[in-house]
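Protein chains in written order, with our numbering: chain A, 1 to 253; chain B, 254 to 497.
Just so you know, these hints were derived from the structure itself, not from any lab.
Some hints here could point you the wrong way.
[What the hints assert, rightly or not] In silico BS3-like links for lysine-lysine, alpha-carbon gap of 25 Å or less:
hint, chain 1, residue 1, chain 2, residue 2
1, B, K350, B, K318
2, A, K22, B, K318
3, B, K443, B, K379
4, B, K425, B, K443
5, A, K30, B, K443
6, B, K318, B, K308
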Amino acid sequence: MAIDIRVNFSEYDGLGQPFGVKGALEAMQKYNIERAVLVPRMAVDSDFRLGNKELFEAIRSDDRLFGYLAVNPNYPEESIRLMRSAMGLPKFIAAACFQGASLPYPNIDDYREILNAYRRFGKPVFVYTPHAEAVEAAEQMAAEFPAIKFVFGSMGGEEWKRAMTSSRLLNVLLETSGSFDAEKIEETVEHFGAHRVLYGSNLPFSDPASMLALIQNSDLPEESLEKILSGNAERLFAMERRAEEPPEEQGAG
Amino acid sequence: MALNVQIVDANTMFGIHPTHRLDMSVECLVREMDRYRITAALTLSTVGIFHSHMKGNSITLEAAKANNRLVPVATVNPGVYFGSAADIQAIRAQGFKIFKFYPAEQGWAIDSAAFGEVLTQTASSKAPVMVNASRPGEPTAVGRMASGYPAPVILCSVALDILSEALAVMAKLPNVLLETHELHAPGALKLVADRGGADRIVFGSGAPRRSIASSLHYILGSELSDEEKERILGGNIRRILEAA
Chain A
1 MAIDIRVNFS EYDGLGQPFG VKGALEAMQK YNIERAVLVP RMAVDSDFRL
51 GNKELFEAIR SDDRLFGYLA VNPNYPEESI RLMRSAMGLP KFIAAACFQG
101 ASLPYPNIDD YREILNAYRR FGKPVFVYTP HAEAVEAAEQ MAAEFPAIKF
151 VFGSMGGEEW KRAMTSSRLL NVLLETSGSF DAEKIEETVE HFGAHRVLYG
201 SNLPFSDPAS MLALIQNSDL PEESLEKILS GNAERLFAME RRAEEPPEEQ
251 GAG
Chain B
254 MALNVQIVDA NTMFGIHPTH RLDMSVECLV REMDRYRITA ALTLSTVGIF
304 HSHMKGNSIT LEAAKANNRL VPVATVNPGV YFGSAADIQA IRAQGFKIFK
354 FYPAEQGWAI DSAAFGEVLT QTASSKAPVM VNASRPGEPT AVGRMASGYP
404 APVILCSVAL DILSEALAVM AKLPNVLLET HELHAPGALK LVADRGGADR
454 IVFGSGAPRR SIASSLHYIL GSELSDEEKE RILGGNIRRI LEAA
């Protein structure tokens, strides 16, 4: 059983076929994925108000689904208001930073105000880092907010080796999607330890089969695989505890 | 692995990679082939990609002579190539059945006259070619250059973001095929098979740099029939090499 911390919630997949909750759950069943954390793609790509709201409706419908609240640095005050209404809900397990305001990728100048307000929730932050520049910018965010745990999504993409130096920041963890280099998983564990690496597929733009095969065919011991595939996510996002919390009564918007 | 099929990996390389510290020796490649029961691999030296195609081709040939599971792939860098059709014939005569081209890695444009000249020369010996076409516009450029080409043209490194472009090219040109190592989107393989036919897809991994496990499991777990998977995993590229 695995926990996939990077499943995109969108109406359509990369081929223009219907996806949504049904598609996510079908893929989870096919690949034995017990729980998934959904990224609200609409909130990331365009409308963060509507996108987060639709995600909330999706994740409250199924115990196996959790979600990221996508915040928008172009609207810091509204993002903070949104965090206040949503981050107390057990199903929203982290905030997600996917784009910047002054730069195309998340960076400390654009997110300082939001992160300041976010500290009180005690939950992690997912930062999208598709290349080396984004990793460098995310490092500055993690360095300035050491009490918050940061998950670097896509861990630098093709330039994942740049993310290895982020291991010096003890509040940084990596999510595995982004590239399929043969040595990536072993080398990442060498730098970060298996306890700071989390499985993510980037479904439906990438088939879980590919990333699961990369991880499961690595030379890591069973104990490390268990951590990467599910244990770390369970602990980081306190999923067990959150699943036991009473159902939400408020909305996300 | 459920299928009992002779797998041929159409996309591997060996040698030192300039930007990655990684064991990419021939020995490592063969070890990985053994691990995933890959029968044969089309391969070439990184020296040919990143330094000199002439030097690289001779290293590739040597490696293939030492191990008959390795199928040598020739490469030519159009940016520094001043030869004639006779030179291409000479490369073919050394034992190379197929050519591969690296525009992004070597910094030249697919629609350049220099590459056009190289293709005219490889066409004269009806050699199949593989072209890395990873950037937007590149599959289209390959299509323009390969129109009327007398042998198979294989698009390599096509990911989801340019798949529609590659499919549009394949729809127009029946001699264009697709290599799989950058394909990971659910349903993408089935879409290509439905649109272009499973006969026009060849399995490649990018090993040893890329994971064979990731590329292979993507195909094995797809919705295609066993017979289609067999063709993709080896039958199609074997047919091309036999005809070359």
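Results for each hint:
no. : hint              : in the structure
1   : B:K350 <-> B:K318 : holds, 14 Å
2   : A:K22 <-> B:K318  : violated, 52 Å
3   : B:K443 <-> B:K379 : violated, 30 Å
4   : B:K425 <-> B:K443 : holds, 19 Å
5   : A:K30 <-> B:K443  : holds, 16 Å
6   : B:K318 <-> B:K308 : holds, 16 Å
In summary, the structure is inconsistent with hints 2, 3 from the numbered list given earlier, while agreeing with the others.
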